[in-house]
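From the two separate chains plus the hints, produce the assembled complex.
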Amino acid sequence: MESLLAVAQYTLKEHIRNRIYLTVVLFGVILLGGGVIISALAVEEHTRMMVDLGLSGIEFLALITVLFVTVNLILEEMETRSVYLILSHPIDRWQYIVGRFLGTMAALVIGILLMAALHVASLKLIGWKMEFFYPVAILCSIAKISIVGALSLMISLITTSTASSMTLTGFLWVLGHFTTELQYMSDRSANPLVKAFSEFLGYVAPNFSYFNYRDFWRATTVPPGAWFAWLGFYSAAYVGIALCLTSWLFEKKEF
Amino acid sequence: MGGAAIKKGSLLLGLVALLGLSRVQLERRYQLPFPHLDSLMTKTSGIQDAAFISLGFRALAADVAWVELLQNMGDYGHAEENGKKYPFLKNDTLRVTRIDPFFVRAYLFGAATLAWLTSTNRPDEAMEILAEGARYNPAYWPFRTYAAGIGYLKSNQMDSMIRMLEDAIRDPDCPTMVKSVLANSYKAKKRYAEALAIWEDVLSSESGREYYGRAREEIPQLMRLLHPSR
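In order, the protein sequences belong to chains A and B. Here the first sequence is numbered in the numbering used here, starting from 21 and rising by one per residue. Here the second sequence is numbered in the numbering used here, starting from -8 and rising by one per residue.
Please note that the accuracy of each hint is not assured.
[Claimed, not checked] 25 Å max Cα-Cα, derived SDA-like pairs, lysine to any residue:
#, chain 1, residue 1, chain 2, residue 2
1, A, K149, B, E201
2, A, K215, B, P26
3, B, K(-1), A, K144
4, B, K(-1), A, F253
5, B, K(-2), A, K215
6, A, K144, B, E201
7, A, K272, B, A(-5)
8, B, K(-1), A, M21
9, A, K273, B, P26
10, A, K273, B, K(-2)
11, A, K149, B, K145
12, B, K(-1), A, R113
13, A, K272, B, E201
14, A, K149, B, P26
Read the hints as simulated data drawn from the structure, not as lab findings. Nothing here was measured: the structure is a model prediction, and the numbers come from that model.
Next up, chain B with everything else stripped away, as it sits in the complex (with noise of 0.2 Å):
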């Protein structure tokens, strides 16, 4: 009976010993990426995001955030507040990027529609979330690639702005929208072939599917312009 009693309690013991010593080498080799709950943009949602993190559902909370900016675009994007279009948007999109900092689409898409929509127009804040992008991302090019177009943009240097936008478009992250951008640059500058393919690329991908209906309309147009004769 005393002789049981020591085995247990033994292994027992080694157990305990087990745990403590992974849980050191656990805490040694890997530090969990994320950042604390005092870094969350709670002003709207902090409960609902808090709640899931709770939970342990990180990357879900990031994707409801994610439908959410969306919807905020969709519902109440032409809202205006101090003569700014899409006020949220800055804060949303750090909202999704808070609660995961490896989104990369969201930080491309919150700057580049604040940086090239003429009705957003705030280069300065597309340039906050690229910085806090790059610093989570440091390997990830395409957020230099963006913040060089902005700055190009900035000075009126159109052309340099379009051939970091072409390296964007590079990116399989890339959003739909700065494809857009690009096509839309292209028209500007009279490059109708370059700004159809881009358009024609669009309408065969399965990804930018609410741009369908734009592309529809542009690739006639384009090809007008390209023969005028037809």
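Same shape as in the complex, but just chain A (with noise of 0.2 Å):
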């Protein structure tokens, strides 16, 4: 344990000392107040706007870093032969993946939860109040962002291309938005073919639309908090399988 904490540990120093990681801050900077004068546009829902615009923008940049941070986050180490030095210590396998993984997500959660501050400092500045929905989508987008980087890390590992390991996850990120349309599509389908692969995909692709309260607390009827537990659940379960198979695939590696 102590082992999977000191990689987590470093792993979150290292993130806060690069660039990549301090630029995306910035541009959410510059964006949040951006927003300001975009959603002047909307007129009288000018507060909407700068809600949704604001989430919206934490959630792109969030997923921009988590997809340029976890797609090197062990290629670099294996490239620079890096790697070679810290398996030399008393550490698993399983432990330097999860150490790696866990990092990088303390890392996007401290920027998350840095741009979030910003942005509900900005409503505030045109009197908004605090909503029970806002700490609730945020943590929706971080559980969301957390598979993503789980997905991200295991397909770094299969393509070993940081394009190809991009190109796969942001399909991934389109898939999961459209699990629900491929559902419909399914019933909807007479062909077996396309019932069945629809079907499959629908099943095997994380539904990301459940991740999206910042679209659906508006609704006539929200999700009970139940729901939201067993929404925890199935991030847990989709970032655990997907961390068990990078740390299977990395343990096949040979150094």
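Pasting the structure below:
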């Protein structure tokens, strides 16, 4: 456990020093500032637009960061051979993978919370009052980004190329938002092949629409509390499976 | 070695079981409340809207469509098609609300503009918008109030329509445009004090900035009508 935490800690420090991470946070500040101006176009709905723009912007920037960071997380250490140094210590390979993932997620959560704090501050300037949906929406975004991070880490070990890893993860992002439509398509299709294929994709890909609470908190009926608990289990299971497979792939690698 | 593999295998199987169970529970406990992509208004901007939704930014897509609706009103609002002003208004409103069916102000704005602006005067289209809004938001009372108001407008029962609009402006989502319609109706009925109160309210509120100019014109006029001797 100590080794795992040590890896997580050094990963966190590494990300905080990383320029891409800082650039994204800076870009977030600019985006949120720009949101104040852009939302004025929505006339009587400028508060709504600032809320939506901020929450979507935070998630989008977190997605970009997680893509750039996780895709190179292991590959870079393998290329620079610093992984040899780490694995020469008494540490299991799964501990190394989980530690790297946890450190990365800690850095991302800090980034998301910083951006959320800035967003809330800019909303307060126009008289917005904090509502319960906001922290829930941020937590849902964190859960979604953690799934993307775990999947991206796994894909990076399968493809061993940064560009293809990022493309595949981006594809999974879109597919994950399309899951409900795939199920709908499968229900309506008479072709058994299309039906089977869309059902298979619908079950394998994570349903990211569940995490878009920022989109459906205004709905007439919102999910009950227990639903969010199950969403937590769903995220944990996806992350866990992806990390198990990543560890297995990493153990198969020869150094 | 074999023991470790069994442990890892069991962990993986346990996680797959948890994933399946949680997925079933999520589906059973709540259905996502959005219409499917095939109900989007795709004539002019289908790719843009579908792209936003596929990337997971539905509410933002609706906001962008709302801004585009307002811009279209400003840029092409006075264009006419088959004698209709704002010919695109119903479809543009439905574009916003099919992306986000809970964007109540968009229904109210579209319906009110179609029904009460003398240059549009298409209450039937307004009723279609309100009916769709009520289907997704059955508990939202202003839709019924607007529908009743439009009904009275069609049957020329102005006093009853005014009573409905008085109810409508109690709603915080009420577009300022509806307030201006009520103020005009009061003025037509020579109820100047009530008209003045509405314009003063518009001027003191943060949301209806685009009506400030109109309020500043109306207030002195109404003051003169109320106190002709001054």
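Right, here's what the structure says about each hint:
no., hint, result
1, K149(A) x E201(B), "holds (24 Å)"
2, K215(A) x P26(B), "holds (20 Å)"
3, K(-1)(B) x K144(A), "violated (49 Å)"
4, K(-1)(B) x F253(A), "holds (19 Å)"
5, K(-2)(B) x K215(A), "violated (36 Å)"
6, K144(A) x E201(B), "holds (22 Å)"
7, K272(A) x A(-5)(B), "holds (15 Å)"
8, K(-1)(B) x M21(A), "holds (17 Å)"
9, K273(A) x P26(B), "violated (46 Å)"
10, K273(A) x K(-2)(B), "holds (20 Å)"
11, K149(A) x K145(B), "violated (40 Å)"
12, K(-1)(B) x R113(A), "holds (13 Å)"
13, K272(A) x E201(B), "violated (65 Å)"
14, K149(A) x P26(B), "violated (30 Å)"
Going down the numbered hints, you'll see the structure goes against 3, 5, 9, 11, 13, 14, while the others check out.
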